[in-house]
Structure formats: C-alpha cells, structure tokens
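Please build the complex by placing chain U on the supplied structure of chain R, with the hints as guidance.
Sequences listed follow chains R and U, in order. Per numbering that gives the first Met the number 0, the first sequence starts with residue 0, numbered consecutively. Per numbering that gives the first Met the number 0, the second sequence starts with residue 0, numbered consecutively.
Treat the hints loosely; a few may be bogus.
Stated by the list, open to error - What the simulated footprint calls covered on chain R by chain U, stretch by stretch (three residues with Cβ under 8 Å from a Cβ of chain U suffice, anywhere in the stretch; the number is not a length):
| hint | region |
| --- | --- |
| 1 | 44–54 |
| 2 | 85–97 |
To be verified - Sample of chain U residues with no beta-carbon within 10 Å of chain R, all distances over it, derived:
| hint | residue |
| --- | --- |
| 3 | 37 |
| 4 | 146 |
| 5 | 218 |
FYI, nobody ran anything at the bench for these hints, they're computed from the structure. Computed from a predicted model, the values in this text were never measured in an experiment. For each residue, glycine too, the CB sits at the ideal point set by N, CA and C.
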Amino acid sequence: MTRPMIEVQDLVRRYGDTAVVDGVSLRLPERAFVSVIGANGAGKSSLLSMVARLLPASAGRALVAGLDVAATPGDVLARRLGILRQDNGVAARVTIRDLVAFGRYPHSRGRLGPADHAAIADALRFLDLEPLADRFLDEVSGGQRQRAFIAMVLAQDTDCILLDEPLNNLDMRHAAAMMALLRRAVDERGRTIVAVLHDVNFASCYSDLIVAMRDGKVVAVGPPDEIVTPAVLREVYGIDVEVVTVRGYRTVFFYR
Amino acid sequence: MPAVRDLSARPGPGWVLALLALAAAAAVLAYMTVGANGRWGFVLPFRGTRVASMLLVGCAVATATVLFQTVSGNRILTPAIMGFDELYRLIQTGLVFGFGAGGFGDPRLRFLAETGAMVLFALLLYRGLLDRGGHGLHRLLLVGVVCGVFFRSLSQFLQRMIDPNQFVVLQSGLFASFNTVRPELLALAALVVLAACLAVRRLVPRLDVLLLGRDCAVALGVDHRRTLTQVLVLVAVLVSVSTALVGPVTFLGLLVANLAYRVMPTYRHAFVLPAAALVTAVTLVGGQLVLERVFALNAALSIVVEFLGGLTLLVLLARRARA
Numbered sequence: 000m001t002r003p004m005i006e007v008q009d010l011v012r013r014y015g016d017t018a019v020v021d022g023v024s025l026r027l028p029e030r031a032f033v034s035v036i037g038a039n040g041a042g043k044s045s046l047l048s049m050v051a052r053l054l055p056a057s058a059g060r061a062l063v064a065g066l067d068v069a070a071t072p073g074d075v076l077a078r079r080l081g082i083l084r085q086d087n088g089v090a091a092r093v094t095i096r097d098l099v100a101f102g103r104y105p106h107s108r109g110r111l112g113p114a115d116h117a118a119i120a121d122a123l124r125f126l127d128l129e130p131l132a133d134r135f136l137d138e139v140s141g142g143q144r145q146r147a148f149i150a151m152v153l154a155q156d157t158d159c160i161l162l163d164e165p166l167n168n169l170d171m172r173h174a175a176a177m178m179a180l181l182r183r184a185v186d187e188r189g190r191t192i193v194a195v196l197h198d199v200n201f202a203s204c205y206s207d208l209i210v211a212m213r214d215g216k217v218v219a220v221g222p223p224d225e226i227v228t229p230a231v232l233r234e235v236y237g238i239d240v241e242v243v244t245v246r247g248y249r250t251v252f253f254y255r
Numbered sequence: 000m001p002a003v004r005d006l007s008a009r010p011g012p013g014w015v016l017a018l019l020a021l022a023a024a025a026a027v028l029a030y031m032t033v034g035a036n037g038r039w040g041f042v043l044p045f046r047g048t049r050v051a052s053m054l055l056v057g058c059a060v061a062t063a064t065v066l067f068q069t070v071s072g073n074r075i076l077t078p079a080i081m082g083f084d085e086l087y088r089l090i091q092t093g094l095v096f097g098f099g100a101g102g103f104g105d106p107r108l109r110f111l112a113e114t115g116a117m118v119l120f121a122l123l124l125y126r127g128l129l130d131r132g133g134h135g136l137h138r139l140l141l142v143g144v145v146c147g148v149f150f151r152s153l154s155q156f157l158q159r160m161i162d163p164n165q166f167v168v169l170q171s172g173l174f175a176s177f178n179t180v181r182p183e184l185l186a187l188a189a190l191v192v193l194a195a196c197l198a199v200r201r202l203v204p205r206l207d208v209l210l211l212g213r214d215c216a217v218a219l220g221v222d223h224r225r226t227l228t229q230v231l232v233l234v235a236v237l238v239s240v241s242t243a244l245v246g247p248v249t250f251l252g253l254l255v256a257n258l259a260y261r262v263m264p265t266y267r268h269a270f271v272l273p274a275a276a277l278v279t280a281v282t283l284v285g286g287q288l289v290l291e292r293v294f295a296l297n298a299a300l301s302i303v304v305e306f307l308g309g310l311t312l313l314v315l316l317a318r319r320a321r322a
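Same shape as in the complex, but just chain R (with noise of 0.2 Å):
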C-alpha cells in the first residue's frame, strides 16, 4: 500500500450511551475505488460523514491527504476532499449548469474564470450532461439529478471523493452507467473515490477494495475475492448467501 489517501484512526460516534461507529481504524490507498458495505445502521453513513466534517467525531480523529479534517480550514480542506451526501434539496431553482458551478466555488470563491468554465465544460461533458445543462433541476430525473450532483463534486477538482450511496434511485441501466463513470474517475483521472454501497455486486465487479462494516466495527477490508465469501457476508449481514463466479467477478445469489 502506498501513502494513505485517507487515515482513520479509532474513530468513534456515540448518541447517548450507544456508539454508531466504535473505534474504526483504517488506513486506503490513493487512486483506488474503494466501496463501503455493511447492514442498515452498521455505521457507514456516520463513518463517512465523520471522515467528510459533516459530523464531529466523538473521539477519535481522520485525516484525508494527510490533513486532520477537525483541524484544517473548511476552505483549504474543499480543495482536497469533495463528498456528496443522499437526498440533497436545493433551496432554489437552479439549473444543471449552475450546480455544477457551485462545484467550484473552493477555486472561484464565486467569480467564475476561465478555469472555471474549463471545469465546468468537462465536468459536464464527463457525465453527459450537455444537453441538459441549462435544464432546471426540478425538471429532470431523479438520474439525471444524481448525475448532476456527482458532476458537482467532479468539477470541485479534489483528489479525494467521499459519495453516501450514489446509486440511489438509480434502474440497472443508470446505476451500472454510474459506476462504470466513476470507475474511470479512478483510472483515468487518479481521483480515489469512496462509496458507501448496497449492491454487493456491484461492490464486487468495480471496487480495489471493499470495507466490510458490521454495529460500527470494522469487520473486513480486503479486496473482493476476500470479502465477497459466503463466510464474510455471513459476518456482516448475518445471512447465508451462495457466491458465483461470472465471467471472473464474483456475484452474490440471495434472493431466494
């Protein structure tokens, strides 16, 4: 493993008596694409909004490029570390070419250069959004919206990219267009994405590496042939699954 992207050490979250994510450590590679599974309320959500300073930690610290994100400035943190949480109301009507240049707001401070529309161009056309960029975001897809976010988050430019559930409310088509994409990011452009996913199989066919989370522990980390066993996923959602292996990736069968 080379140098850590991100370093997470004995993170803890407590509401009351009950911790929702007890003493995490990990330590994830630069240019990786690195998945996050684990249960409803396994502590995921809270362990990437910790790492992404939307959530203080109650003990415990993180650091991303090397930076404690308790202890940077909000401002010079938004140049290294972009994250895109669910359900993102916007309390204006704003178009798909405006929101993505809110994206660059940690560069532009409000007053777009040429850079900036630079940016703003690419980022758009990476998610094939063009065509609807001057749409206003209460007019489109509840894909073409999350698509409109995530090109938000890849206009902001940073090395590191936290996304909660991406997929959400994305069909097969969408969703498998979705992590091809950032599957890209990480290969193309050197970006190291994390992403809290529900889809095992989709974990499995796209990750470098897949963080298994079980009641705010860590319970794997390892890369998919590792972790997409019958023995582990057993561990972390408490049922009994059969693990096929199509066209080299391994897929989970649950549902009957």
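The following block gives chain U in isolation, referenced to the frame of chain R:
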C-alpha cells in the same frame, strides 16, 4: 422529453431589476405628489420623511427575510414567524420596565441598547436551532410560533405592571404605522441599514452556496457556523431597525421575498436581494398611498400587512402540502 425552456425569451436579471427600480421610483413620485394641495415647502419634507422611512424599512425587512430564508433553507419561515419582532418588543418593554421611559434619555441611545440586546438574544436563541441544518420545517415553525406567543405574553405581562405614563410612551412605538415615524431615529437607522447592507454584500457568494443546504456548503468549504452567526446578527439588527422605526411590519417580508423569487430569473443573491428591497418599496409606498387616499387613513397598515402576509403564508403552506 418536454421542450427545453428558452432562457433568452425571458428578460435577464438586470432588466428585471431596472424595471423594479422604475416601478419604485414611480410609486415614490406618486406618493409625493398625488393630492398635494398645500405649500410644497411643507408637503415635500412631510411626505419625504415618510417615504424615506418606508424605503429604509422596506430594505431592512426584505434583506432580513431573504437572509433568514437562505440560512434556514426554506421559503416559508421569516424572522417574524420565528418571533424576532416579538422578541424585540419584549426587549423594548423590558427596558422601559427596568429603567423607565426616560431612563436612557436620548431615544437614539435607547435604540442602540435595544438593538444590542436583540442581537445577543437572537444568537442565543436561534443559532443552536439552525446550526445542524434545521430539523425540518414543521419543527422550526412550531418553535417559532411558540416563541412568538411566549415573548408576546411576557411583554403584555410587563406592560400591565408598568406605570401608566410610561406605558403611553411605550405604546406609541408598538403599533405598525408610518404616520408616527420618529424622525430623530431616521438618520441613525439609515446609517445602520447602510452598514448592514455593506456587510451583506461581502456575504453574497457564501449565501449562494448556502442554498445547497448545510452539508453541501460545508463540503464546498463554507464555514457554516460562522456564516450563520453573521447572518443572524444582521437579521437581528435589521429587524430592530424596522421595528424601532415603524413597529412590527416584518410579516410583510414573507410576501415580498416570495414575490422577488418569482420575478427574478436567477437564484443569485446579488440580484435577489436588491429585487426584494425594491418589491418591498413598491408595496409599502403604494400601499401607504392607497391607505391614505382611498381609505382616508381609516385602516391601520399593520392590518393590511398581516392580512396579506397571513394569506401568503397559508397559500405557501397549502402548496407545500400538496407537493
């Protein structure tokens, strides 16, 4: 696929702003001249004071409302609904109760003391509430209504115990009316509003980012807590100015802010804020003109304002419920 809206078909934000400025100028001109049958040397300064106070109050109310709606992330809440002007009236009453109507001597000194107390209490009360990005509209609305009723009951309780002479002094400041503007406060109020507007200008890029919600704003590097504090201070100051000048008219903000969002073809605060101020100027000056000339001063402005503001709130709530 629905037809893509042709953006060029609508006038740009600059044009809309120019039209609004024209309408405001027309309203001011009409107010200054219609039915003037006295000497101009008396009419102009007399009406000029009122127009100046209306423009000031309009700017303060509109700016405070748009700022508050941006940090609270929705367009139904206003400082008035959250109990801001009731809080200001409680502070006014409390100061008269504690120090007497003549306690501060100079009304300007009292105004500054009231504004200072207002800023302090507004921060204590509302910052925690909004800090975690709100907790849903209904909870905020409920908190606001409860706060408003609580502050009002407290000030009514204090007013009952106040010396009757001092109560008369206090009462003159508690009703919304442009007929009893206190000219001694006008210059100071103008200065305060100007300073607040300059401070708002510096916040404008951050305000735009805050429209994406707390999480996105933090992700884009905006110091959410600091910005929220600055905005609440400005809102408290602006509400104090308008309430001190003419009494509670901040409910008007709901109406004019939503009108401004409707007419402005952009989300950007650099355009929305002046538009809201101009819409308020048109509404206030025009409304006062109708009040004076048509109803011959038989209706109070506060009744008109609360009637229209209340109607707007109901319409907005009903539309939100259906959506």
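Distal placement of residue 146 of chain U relative to chain R, Cβ over 10 Å: The claim stands: residue 146 of chain U keeps its Cβ more than 10 Å from every Cβ of chain R (closest is about 22 Å).
Taking a Cβ-Cβ distance under 8 Å as contact, does the region 44–54 of chain R have three or more residues in contact with chain U? As far as the region 44–54 of chain R goes, the hint holds, because 3 residues have Cβ atoms under 8 Å from chain U.
Is the Cβ of residue 218 of chain U more than 10 Å away from each Cβ in chain R? At roughly 4 Å from the nearest Cβ of chain R, residue 218 of chain U sits no farther out than 10 Å, so the non-interface label is violated.
Per the stated criterion, does the least C-beta distance between residue 37 of chain U and chain R lie above 10 Å, as a non-interface residue requires? The assertion about residue 37 of chain U holds, with a minimum of 47 Å to chain R.
Can the region 85–97 of chain R be counted as covered by chain U under the rule of three residues or more with Cβ-Cβ separation shorter than 8 Å? Check passed, 8 qualifying residues.
Going down the numbered hints, you'll see the structure goes against just number 5.
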